[in-house]
Amino acid sequence: MLQVQQISFGYTDKTIIKAVHFDILKGQNIALLGESGCGKSTLLKLIYGLHDLDAGAISWGGTPVLGPKFNLVPGMPYMKYMAQDFGLMPYETVAENVGKFLSNQLLAIKKLRIQELLDVVEMGEFSRVKVHQLSGGQQQRVALAKVLALEPEVLLLDEPFSHIDNFRKNALRRNLFSYLKGRGITVIVATHDSTDALSFSDETMILKDGELVAKAPSGEIYKNPKSKYIASLFGEVNEIMVLKNGITESILLYPHQLKVSEEGNLRVTVKQCYFKGSHYLIKAAFNGKPIFFEHPSTLDLQLDVNLNVVK
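Add 154 to the 1-based position in the sequence shown for my numbering, that's all there is to it.
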């Protein structure tokens, strides 16, 4: 189990990570979501042991995670961390980068291991290509293979698919997370892409201004967001004020939860229509504020329609 116990940290006098506390079970896949600058990358670095904590403690299976004050070479041997800069040697081949820390005693086994990892990230045909000749997305896939080479117990990934084309990203995610789950590797993925959370993670953690504001199964966080900030990490969200028992309350609704209906009690005016392939995202005005809903076809601008809530 990974235990993070009331940790705080700041690069200067300003605290970046504020009393963060959570546990992660062995083999879990955790998505770490939050807006830019909220502390996601810093938290991963702390878990890996790249910085000394200002307060609190981190441990894996009861073994303390210690920072540079205690380790000549920062980082824990049973963990691997993939930063956004990849950490590859540009003038070495793809195979040389992936196999850099693998033993040379059994070269045939080493070669098979490299090929296995390159197949996972769909880079098998590039094994002899120098890294500097690759695109950014290809380099990112090589970096993923490299951090898996010695099969860590804990894998920390910082925006691991940010440079990869959408048409390849989905297949790569399926291959990678299936591989990790099959080997019982604990994974924390810091990401801006909610697909990483909803499709592949067991739980999602939400950071805001260095504080952990939510940690729960990903489906639960999506379906029952505690705040507009949390809901907005999954896409457009509407905050609507309603009157219940004489008290005004706010409810959060995703665009797919609002449908055009003659019996609807929300009267809105269409302002923009955005084609999304399977549907249109409609931007409308409701009481002077924007509201978003989905519709199977485009609608005339300035058209007044009624909306109903569909849970």
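The set of hints was computed from the structure by calculation and includes no laboratory data.
Just so it is clear, the structure is predicted and the values come from calculations on it, not from any experiment.
Ideal Cβ placement from N, Cα and C applies to all residues, glycine included.
Careful: at least some of the hints might be erroneous.
[Claimed, not checked] The following label-pair restraints were derived from C-beta to C-beta distances:
#1 Tyr428 <-> Glu279: 33 to 39 Å
#2 Ser381 <-> Gly278: 52 to 58 Å
#3 Arg282 <-> Lys430: 20 to 26 Å
#4 Ser381 <-> Leu261: 53 to 59 Å
#5 Glu393 <-> Ser316: 26 to 32 Å
#6 Lys465 <-> Gly216: 28 to 34 Å
#7 Tyr245 <-> Ala370: 41 to 47 Å
#8 Leu261 <-> Lys437: 55 to 61 Å
#9 Ser190 <-> Ala370: 20 to 26 Å
[Unchecked claim] With a straight-line Cα cutoff of 16 Å, these simulated EDC-like cross-link-like pairs (lysine to aspartate or glutamate) come out:
#10 Lys443 <-> Glu417
#11 Lys199 <-> Glu374
#12 Lys465 <-> Asp363
#13 Lys265 <-> Asp239
#14 Lys380 <-> Glu365
#15 Lys425 <-> Glu374
#16 Lys323 <-> Asp273
#17 Lys264 <-> Glu313
#18 Lys264 <-> Glu250
#19 Lys437 <-> Glu403
#20 Lys199 <-> Glu270
#21 Lys362 <-> Asp206
#22 Lys335 <-> Asp363
#23 Lys172 <-> Asp208
#24 Lys168 <-> Glu374
#25 Lys377 <-> Glu365
#26 Lys172 <-> Glu365
#27 Lys223 <-> Asp208
#28 Lys382 <-> Asp363
#29 Lys437 <-> Asp454
#30 Lys465 <-> Glu393
#31 Lys437 <-> Glu393
Open item on the list: For a C-alpha distance cap of 16 Å, please report whether Lys168 and Glu374 respect it.
Closed with: violated, 33 Å
- [ ] Please work out if Lys264 and Glu313 have their alpha carbons no farther apart than 16 Å.
- [x] Judged against 16 Å, a Cα distance of about 28 Å means the pair is violated.
Task: Distance restraint between Lys323 and Asp273, which requires alpha-carbon spacing of 16 Å or less - done: holds, 14 Å
- [ ] Please work out if Lys265 and Asp239 have their alpha carbons no farther apart than 16 Å.
- [x] violated, 26 Å
Task: Tyr428 paired with Glu279, Cβ distance criterion 33 to 39 Å - done: holds, 38 Å
- [ ] For Glu393 and Ser316, compare the CB-CB distance with the range 26 to 32 Å and indicate the outcome.
- [x] holds, 29 Å
- [ ] Kindly confirm whether 52 to 58 Å is satisfied by the beta carbon distance between Ser381 and Gly278.
- [x] violated, 44 Å
TODO: For the range 55 to 61 Å, tell me whether the beta carbons of Leu261 and Lys437 fit it or not.
DONE: 60 Å Cβ-Cβ, so the 55 to 61 Å window holds.
Open item on the list: So if I understand the rule, the pair passes when the alpha-carbon distance is 16 Å or less; does Lys425 with Glu374 pass?
Closed with: violated, 32 Å
Open item on the list: Need the status of pair Lys362, Asp206: alpha-carbon distance at most 16 Å?
Closed with: The given pair, whose Cα atoms are some 21 Å apart, is violated under the 16 Å limit.
Open item on the list: Just to be careful, I want the Cα atoms of Lys465 and Asp363 compared with a cutoff of 16 Å; is the pair within it?
Closed with: violated, 31 Å
Task: Given pair status - Glu417, Lys443, alpha carbons within 16 Å - done: Not satisfied, since the Cα-Cα distance of roughly 21 Å exceeds 16 Å.
Hints 2, 3, 6, 10, 11, 12, 13, 15, 17, 19, 20, 21, 22, 24 and 25 from the list above are not met by this structure, while the remaining hints are.
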